Amino acid sequence: MTPLVRLDDASIGYGGRALLGGISVAVEPEDFLAIVGPNGGGKTTLLRTLLGVLPPLEGRRTAEGPLRVGYVPQRDHVDGLWPLSCGDVVVMGRVPLVGAGGRMGSGDLDAARRALGRVGLGDLWGRPFGTLSGGQRQRTLIARALAAEPRLLALDEPTNGMDPAAELSAMDLLRALHGAGGIAVVMISHRLEAVANVARRLAFVDKDQDLWKVGPLEEMLRPEALSRLYGREVIVREEGGRRFVYPVAGGGDP
Amino acid sequence: MTALSEFWSAAIIWRDPLVASVLAGALLGFLGVYVVLRRVVFVSAALTQLSTLGVIVALLVLERLDLETDHQEIQLFVAWIFSVGGGLVLGTLGWGKRLPTEAGVGMAYVLAGALVILGANRLVHVAHDLNTMVFGNAVAVPFQDVVILVVVTGLVALLHTLFRKEIVFSSFDRETAEAMGVKVRLWGGVLFFTIGLAIPVAAHVVGALPVFAFLTVPASAALLATRRLSPAFAVATVLGATAAGGGYVASWVLQLPTGATMVVAAGLLVLPAWLWKRLRG
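Just so you know, the protein sequences line up as chains A and B, in that order.
With the working numbering applied, the first sequence corresponds to residues 1 to 254, in that order.
With the working numbering applied, the second sequence corresponds to residues 1 to 281, in that order.
The set of hints was computed from the structure by calculation and includes no laboratory data.
Note that the coordinates shown come from a computational prediction; the quantities given were computed from them, not determined experimentally.
One or more hints might be untrue.
Computed Cβ-Cβ distance ranges for the label pairs, DEER-style [unchecked claim]: (1) 103/B with 241/A: 50 to 56 angstroms; (2) 181/A with 279/B: 47 to 53 angstroms; (3) 276/B with 103/A: 30 to 36 angstroms; (4) 3/B with 80/A: 55 to 61 angstroms; (5) 55/A with 85/B: 25 to 31 angstroms; (6) 85/B with 105/A: 53 to 59 angstroms; (7) 279/B with 76/A: 43 to 49 angstroms; (8) 267/B with 8/A: 44 to 50 angstroms; (9) 105/A with 234/B: 36 to 42 angstroms; (10) 157/B with 216/A: 32 to 38 angstroms; (11) 8/A with 230/B: 57 to 63 angstroms.
Chain B regions said to be covered by chain A (calculated; three or more residues, Cβ under 8 angstroms) [unchecked claim]: (12) 152-166; (13) 170-178.
To list a few chain B residues with every Cβ distance to chain A over 10 angstroms, as calculated [unchecked claim]: (14) 181; (15) 229; (16) 278.
Here a beta-carbon is modelled for each residue, glycine too, at the ideal position from N, C-alpha and C.
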């Protein structure tokens, strides 16, 4: 299967300063790759390099033709000051498809409405974006990404700052969207537990430990792999069909 | 004869200046929505100062070459170079993680201001030309200036109509737009090109202070009074035109300084907008 995008022996960084090297990873169609690591560990730089926003400082990035990407930023990165409705925000996802100078047609509005319906907010089309709850904002941003009809859905800490119920709900939504087929998901999280129940593959990134490791979920959830990431003993338990990850207190230097 | 009837009888004198002021107010009011929402209010102040510096540089060069200093088209051209260049640099380039953007804007503003003072100090004998270019001369606007303003307004309207969705997306959520393949530097450049284009020609008509006011106040009032982006643009445009036109007429009738009266007129429009917001809840 031809990957949507791949990095070969890439060195990532910006401003000519390398953060991490020797990165090889391929994102296949229908993949679900979670990139996990501490804050400031290089996750976002890796994602931006995968998406082609930042060029690799060394090595190579290859992507299939014009790769259609739907991107979901951290919701607090989006300015609530703008007088935009939920629908206005979702329609922005159509901008890359319509092209520079093109007009949005009724088909674009229909696609945006369908995308908002898929995340369960179909009745909030006209609601001011700035008045939405945190969870609703995040879903609106996911809908905007879906409106782009992406082959690759990329999310940067989509559950950051959410309470456990909202986090669970957002992850269930992502699982359902991925399960419906047709898209690969690459998601950043600094919380392993948030992705341990939905991802197919995990990548550990930490520039401070010069750590880069990617593999299937089961392999990456082994205690020895996790203890390298967390710098202490880590226990993974399954309860009620869900995985829970517990770093052990006093198990080593963090 | 009352002051108002005197005003009407002098239509031949004020017609062009009034048209130019209203156009400048409308144009800057529209662009001001982006200025306020992108939180770059002080970029517009720095660009106004850079535009003034462009006029000073043009005058100094003309003088050094022993040419007539009243070539206003040359002054305007150099002012455009400074303003558009400054807009592209301040509006689209970052300063990395070591300095906030505001630091660069502040440096540009204060350095341009200091250079304006130093340059003006060498141009005492052309103080009249300088005064006209820097502080505007809404009392006597030549028809040529109205034509230039109409052309600039038309160009800005065309670019913002054609590329509105790209400029809005890039301005609202640069990170996502970039990740989804939208050329955010290009569209930010188009926005700041139009702002840089509008400032010198508007400053030539109404002066530096009203330019800064019209890029800030009508948009702020419009954003208070409306809940959607398209109405905000429309209301800011109308408020800018109203403040400029109303201020011009008031300054004539009440014999007040034109630029300052326009700024106060713009400021007075914020109150009803704020009240409307309070009443609407």
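Hint numbers contradicted by this structure: Of the numbered hints, 4, 6, 7, 8, 9, 10, 11, 14 and 15 do not hold.
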